[in-house]
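A.B. asks: Listed here are the chains, written in short residue letters.
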Amino acid sequence: MATETAVRSGRTRVDGFRVTRAGLVIALVVAAALVPQMTQNQYYLGVAFQAEMLMCLALGLNIVVGYAGMLDLGFAAFFAIGAYTTGILSTKEHWSILASIGPGVLIAVICALIIGFPTLRLRSDYLAVVTLGFGEIIQTIAINLNQTGGPTGIYAIPALTIGSVVVASNTGYYYVFLVLVIIFALFSTRLRGSRLGRAWLCIREDEDAAKAMGINTNHYKLYAYMFGAVLGSITGSLYAPALTAISPASFGFSESLLIVMAVAIGGLGSIWGVMFGAAVVEIFPEVFRSFAQARLLVFGVLLVILMVVRPRGLFPERAFQALGTRIRARLGHAVASPRSGTGGPLVSLPTEEP
Amino acid sequence: MTAVLQTDHLSLQFGGVNALSDLSIEVDEGALHAIIGPNGAGKTSFFNCLTGYYKPTGGAVRFQGNEVTGLDAAKVAALGIRRTFQNIRVFPKMSVLENVLAGGHLRATSNLLSITVASRGFRRRERLLHEEAMASLEFVGLADQWNNLAGDLPYGMRKRMELARVLIANPVVVLLDEPAAGVSSVEREELSRVIRRIHDQGTCVVMIEHDVDLVMEIATDVTVLDNGRIIASGLPQDVRTNPDVIRAYMGRKRK
Ligand SMILES: Nc1ncnc2c1ncn2[C@@H]1O[C@H](COP(=O)(O)OP(=O)(O)OP(=O)(O)O)[C@@H](O)[C@H]1O
Ligand SMILES: [Mg+2]
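So the protein lines, in turn, are chains G and W.
Residue numbering for the first sequence is 1 to 354, as defined by this note's numbering.
Residue numbering for the second sequence is 1 to 255, as defined by this note's numbering.
If you are wondering where the hints come from, they were derived from the structure by calculation, not from laboratory data.
Beta carbons: idealized from backbone N, C-alpha and C, even for Gly.
Among the hints, erroneous ones may be present.
Unchecked claim - Across the chosen pairs, the derived CB separations fall in these ranges:
| id | chain 1 | residue 1 | chain 2 | residue 2 | range |
| --- | --- | --- | --- | --- | --- |
| 1 | W | A135 | G | V308 | 15 to 23 angstroms |
| 2 | W | T109 | G | P285 | 45 to 53 angstroms |
| 3 | W | Q64 | G | G300 | 52 to 60 angstroms |
| 4 | G | N146 | W | N170 | 37 to 45 angstroms |
| 5 | G | I182 | W | V186 | 46 to 54 angstroms |
Said to hold, decoys possible - Taking beta-carbon pairs under 7 angstroms as the criterion, some of the chain G residues facing chain W (in silico):
| id | residue |
| --- | --- |
| 6 | G172 |
| 7 | V176 |
| 8 | R198 |
| 9 | L201 |
| 10 | E205 |
| 11 | D206 |
| 12 | K211 |
| 13 | G214 |
| 14 | I215 |
Stated by the list, open to error - Covered stretches of chain W (chain G as the covering partner; in silico rule of three or more C-beta atoms under 8 angstroms from a C-beta of chain G):
| id | stretch |
| --- | --- |
| 15 | 77 to 91 |
| 16 | 97 to 108 |
| 17 | 118 to 130 |
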């Protein structure tokens, strides 16, 4: 029997598992798209929208922390740069929201270069301190500048318009962010399956050995930081019209920490894990509102337990594959040898059965 | 014969310690050059100087006639000088295949746009690289391990994976730091076969190895280091009977 060796980002799909996975993705997207149909409760929609936004940020930070292994404790800074650039350009200069995304990204990339160039060659712990400082600086600037509206921030940000469609409801922004999550997840997947993703993981795993592969580690660390900045800034640019008002309080250290938590809980480097982590971080404290003040404590305790029990997060990379293999083994199916299985879209090596 | 890799009066100091002093070595084209010597002789330090991991405090390294002294490790690798590490360094949370693909990093040339849209060119280039990576794994006898995490491989297999990772880059010179250390006799046979095949393909091999029998079996040239100095060099059979070499090894044993 002729089979094909499936090689996709170095992972195989046990026969049929890939189909199952594609089905799961579609089912999830459909389910997510139906959420606003199921409830008109603005509070639920608000939480759902916040969760999507955190997913976008977490996917951005995942490139920096999850892929390249650089601890960034000031990621909210790029989120703020996007939000404020859009806020200022749309209210003071009457730019359209979509047009303001570009300048936001540009400023974020410039900041990433300025911060990253001298510091990314440092080891991770120093980097954490520098990025933490950068986050604080951006927030302090936002509080003190006139252009950014000082402590009260910017309000009356106009709605997002796409062509002739004006997005002005929670439901509308829920869909906008759903699309953004999908785009970011797809983009992350593509990066992961390319030389960029591989180089970042090498740096994360063993920076000195990465150099022996010919990887210019300083450049690649800078790329990761810049990609993170771009995704963070785009999220910020769409966040501003969604909330119609922004203030420095939304972009502090606690926000940065929340994003780091989402990435760590879900599973460093795992796209599914990171999205799941973001949902947990956003929804858990809401669900347990009845605990009142204690809920954050409970959350903290659970977080510590999680990190002890599953230090690589709930869904680390390859977790799904391992699960699929285990289920099939349990069901009595022979576990396919790595040389069989249907191919992923990237690569299929034809081989003959031994 | 022309020297592919050459050092002139290379020296390296750590504080007051001379790890390497006045090392001049020529590695000829097509050679399988073994470097032997007692523990702490400076063999690994020598490799580190050649590959940009240590900056020599004196002297020069030349590769194909060009001076490469003090170049960054990634640049040295890009020139075609590839190495393995004595204390094996794999990327544990990446699959075996991805480890090898990483070795072919510089051969994956797709730009960001073609990666983002997964263009046909990108997929074709990735497929070719995947095929070559599988061929490298086949070469070292690890093809069936391609989808396992590198960190889950037993020691001997990791050593072979490191070889595959070096080979996919089509290097001009490979530097192997104790490729057969700590492996079973079966694995040792396998490794010596692989090393010989690399050499037979025309790739220049420099190999640090404690196993004198293995060296005598496959090396074309031998250099013996002790205390950071060359104490003998030449053909394997000549070096074996050199009284200085015997003394260096015996001296250590008595300690
Ligand atoms: N980074 C370093 N800092 C200080 N001293 C070092 C360093 N690297 C090596 N040395 C010293 O240089 C000398 C040579 O070490 P090296 O590791 O090169 O020896 P070797 O010949 O590879 O030994 P082995 O057979 O045990 O691998 C030793 O005395 C060692 O302590
Ligand atoms: Mg050594």
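A.B. asks: Once the shortest beta carbon distance from G/E205 to chain W is found, is it less than 7 angstroms?
C.D. replies: holds, 4 angstroms
A.B. asks: Counting residues of the stretch 97 to 108 of chain W whose CB is closer than 8 angstroms to a CB in chain G, do you get three or more?
C.D. replies: n = 8 at 8 angstroms, threshold three: holds.
A.B. asks: When the nearest CB of chain W is found for G/G214, is that gap smaller than 7 angstroms?
C.D. replies: holds, 4 angstroms
A.B. asks: Was the hint right that G/I215 lines chain W, CB cutoff 7 angstroms?
C.D. replies: Holds: closest Cβ of chain W sits about 5 angstroms from G/I215, inside 7 angstroms.
A.B. asks: Is the hint on G/L201 kept, meaning its closest Cβ partner in chain W is under 7 angstroms away?
C.D. replies: holds, 5 angstroms
A.B. asks: Is the hint on G/R198 kept, meaning its closest Cβ partner in chain W is under 7 angstroms away?
C.D. replies: holds, 5 angstroms
A.B. asks: According to a criterion of three or more residues whose C-beta lies within less than 8 angstroms of a C-beta of chain G, is the stretch 77 to 91 of chain W covered?
C.D. replies: It holds, with 8 qualifying residues against the three required.
A.B. asks: Should the hint that W/A135 and G/V308 are 15 to 23 angstroms apart at their CB atoms be regarded as holding?
C.D. replies: violated, 43 angstroms
A.B. asks: Using Cβ atoms only, decide whether G/V176 comes closer than 7 angstroms to chain W, and label the hint accordingly.
C.D. replies: Violated, about 20 angstroms.
A.B. asks: Taking the Cβ atom of W/T109 and the Cβ atom of G/P285, is their distance within the range 45 to 53 angstroms?
C.D. replies: Between W/T109 and G/P285, where Cβ atoms are some 46 angstroms apart, the hint holds.
A.B. asks: Just to make sure I understand the rule, a stretch counts as covered if three or more of its residues have a C-beta closer than 8 angstroms to a C-beta of the chain. Does the stretch 118 to 130 of chain W meet that for chain G?
C.D. replies: The restraint on the stretch 118 to 130 of chain W holds, since 6 of its residues have a Cβ under 8 angstroms from chain G and three suffice.
A.B. asks: Could you check if G/D206 really has its C-beta closer than 7 angstroms to a C-beta on chain W?
C.D. replies: At 5 angstroms from the nearest chain W Cβ, G/D206 passes the 7 angstroms test, so the hint holds.
In terms of the numbered hints stated before, the structure departs from hints 1, 4, 6, 7, listed from lowest to highest.
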